[in-house]
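Undergrad: Given the coordinates of chain S, assemble chain P onto it according to the supplied hints.
2 protein chains.
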Amino acid sequence: MPVRPPAEIGMSLDEVDTPALIVDLDAFERNLKRLADRVRQSGVRLRPHAKTHKCPVIALKQIELGAVGVCVQKVSEAEAMVYGGVRDVLVTNEVMGRQKLRHLMALAHTARIGVCVDDPQQIADLEAAAAEAGLKTLPVHVEINMGGNRCGVEPGEPALKLARLVEDQPHLSFAGLQAYHGSAQHLRGWDERQRAIEGAADKAALTRDLLAANGIPCDSITGAGTGTFEFEAGSGVYTELQCGSYIFMDADYGRNLDKDGAQTRAFEPSLFVWATVMSRPAEARAIVDAGLKALAFDSGPPLVWDEPSATYERASDEHGRLAVAGATNRLRLGDKVKLVPGHCDPTVNLYDWYVGIRHDRVESLWPITARGAVY
Amino acid sequence: MPVRPPAEIGMSLDEVDTPALIVDLDAFERNLKRLADRVRQSGVRLRPHAKTHKCPVIALKQIELGAVGVCVQKVSEAEAMVYGGVRDVLVTNEVMGRQKLRHLMALAHTARIGVCVDDPQQIADLEAAAAEAGLKTLPVHVEINMGGNRCGVEPGEPALKLARLVEDQPHLSFAGLQAYHGSAQHLRGWDERQRAIEGAADKAALTRDLLAANGIPCDSITGAGTGTFEFEAGSGVYTELQCGSYIFMDADYGRNLDKDGAQTRAFEPSLFVWATVMSRPAEARAIVDAGLKALAFDSGPPLVWDEPSATYERASDEHGRLAVAGATNRLRLGDKVKLVPGHCDPTVNLYDWYVGIRHDRVESLWPITARGAVY
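Order-wise, the sequence lines are chains S and P. In terms of my numbering, the first sequence opens at residue 75 and continues consecutively. In terms of my numbering, the second sequence opens at residue 75 and continues consecutively.
Bound-form chain S, shown alone (with noise of 0.2 Å):
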């Protein structure tokens, strides 16, 4: 049973109850909308992430704008999605175990769902449970290390034994190159992103050609984020992009700079934490009722959106503190702020619905059905 949604369709934005995870709806169709746009343009295919929003209502929206389908990190995000009528879906992730294995088959059956490898162990095992489930042909990407220094093998010749061997097995099929260069996103200069992404490019290009070399074509080099995507689509060797935050935006990625060095403008903030001042206890300090079971803080704590006098200060597990500076005090008891998330994606994951607004009112009710769902 999951908890009662905090709020009403109809409702007015004052009487959503707090903390609630709130969606600016007129920003967020903005967001999906320029992404759609300017990859339009670019000619590489978009495939956001849904880790980010865990969400089908959105990732049906995106593809309606011209997505080719999502991505997703665990089998049973992958299961929300599907359920949700997603029909094409890509893990962007090692699958290890049975039981994961067996859910993932399941879902091929109906959608269709790639998946990425970085071991012979790996390529074995969804060769087992490909033919186990009478699949036809599951496509599996490779995954190379674009220096994050997380999965991955090595570009190059690593890469191709593993695309030899998942081309070599009567279920699997080699799909492409899964090059995602995650330690990118958050450099904050533009001139470093870009040096990022072409180094990545480089190294993607380089295995592409080695593997054409040797007679395996490589339709598909997936990758980006939020923060870099303007320059995959734009390298000539990267075929999808994978971005996802840019529909809500968070103060992390706020800080990114634009190439004239101003904070980025690429998107804007539409996705907010609603919280009440609970306590008043003294004149530089308001507690909202929004800490750690409402926000998440691995990247800083949130930003206090329409009130410059306060900032969050420290959270503990029910609470959060801020500091108010006494000239401009204009916080109350009682009183609603909107937060914005140092980080979206587990933010949204402590969620059960987005609350959709719309000039003050409560539009719609979405329910984040992916939500937990980390097998």
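There may be inaccurate statements among the hints.
Note: identical chains are not told apart, hence a pair may lie in one copy or across any two.
To be verified - Subject to a maximum C-alpha distance of 20 Å in a straight line, what follows is the list of computed SDA-like cross-link-like pairs (lysine to any residue):
| hint | residue 1 | residue 2 |
| --- | --- | --- |
| 1 | K412 | E89 |
| 2 | K135 | R108 |
| 3 | K235 | E357 |
| 4 | K412 | G328 |
In case anyone wonders, no lab produced these hints; they're calculated from the structure. Just so you know, these numbers come straight off a predicted model, no measurement behind them.
TA: Just chain P now, with coordinates in the frame of chain S:
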């Protein structure tokens, strides 16, 4: 629709899908009993904090062992507890907002519900809501600031003023003081914690005596946590203990020191995140499938419980990077490991199910019905 459980009753632990929140039932039951026994000897009441477990099944086990009821932080948590069979719930927090107050009063028709205040406005709002709901009387605690500078009025006169105001309301009754010293819980040294609670008890006693001198008896002084409960229990001032984390412990509480200077042995870790090594791209690097959406990091990374050669080094949304010492390197692709969360409360809030394990078998699946109950 909550996410499917990661296990079935009777499965072996090895078969449990990952990441999963597993409870070592033997260790958990020893923790439950250990605190219950110690509190029974002390003569004070035990009202464990359900913000830790968010699960009525566990609340009822605590009550069976002598607890008078539970604490919660939020109205929606109180709903989960009352709907799960708990008849006495203290909201150890201020409650602001019309929606919250209506829900709170609805609960007070079927269970004993207490609440805290630190401002005259909250008292006025509670009185209006209680009158509107036709309640006879709602027990109200005045929260005093023990030095953590979160919520709470200052001890002494400011608390007396609020207590009088509560007493003046026809539908409210003054129930006592909340004197929780949160910032003392993780002071590492035993002596430091003892001194901090001596100071807190002095402030609470001073306030209690001032109230008594003004004709307001103070039947309940409630507070204490897992780090300090022995001091509150022996203070002669506190009448009720609010410990929560003792049932699970976590890496952060594990760093507290006992009187002899050794790491605390008061309780033992019983809560783990069960994770799979999903990628093994280099000898010194293992990637597990539990990251920011599977663990809370506000009090540091998790400990790798059953593999001393591995250190959880870095988290991203869905991945954890373990640094593995070469010489004793036993971790293979597909292996599963137990991680002790840095902080139990916000980690629990990420999961829908506890997987109870005894002798490496799944004995129980308990729904975490207050997960996401942040309103």
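Undergrad: Going back to the hint list, which numbers does this structure go against?
TA: The structure breaks none of the hints.
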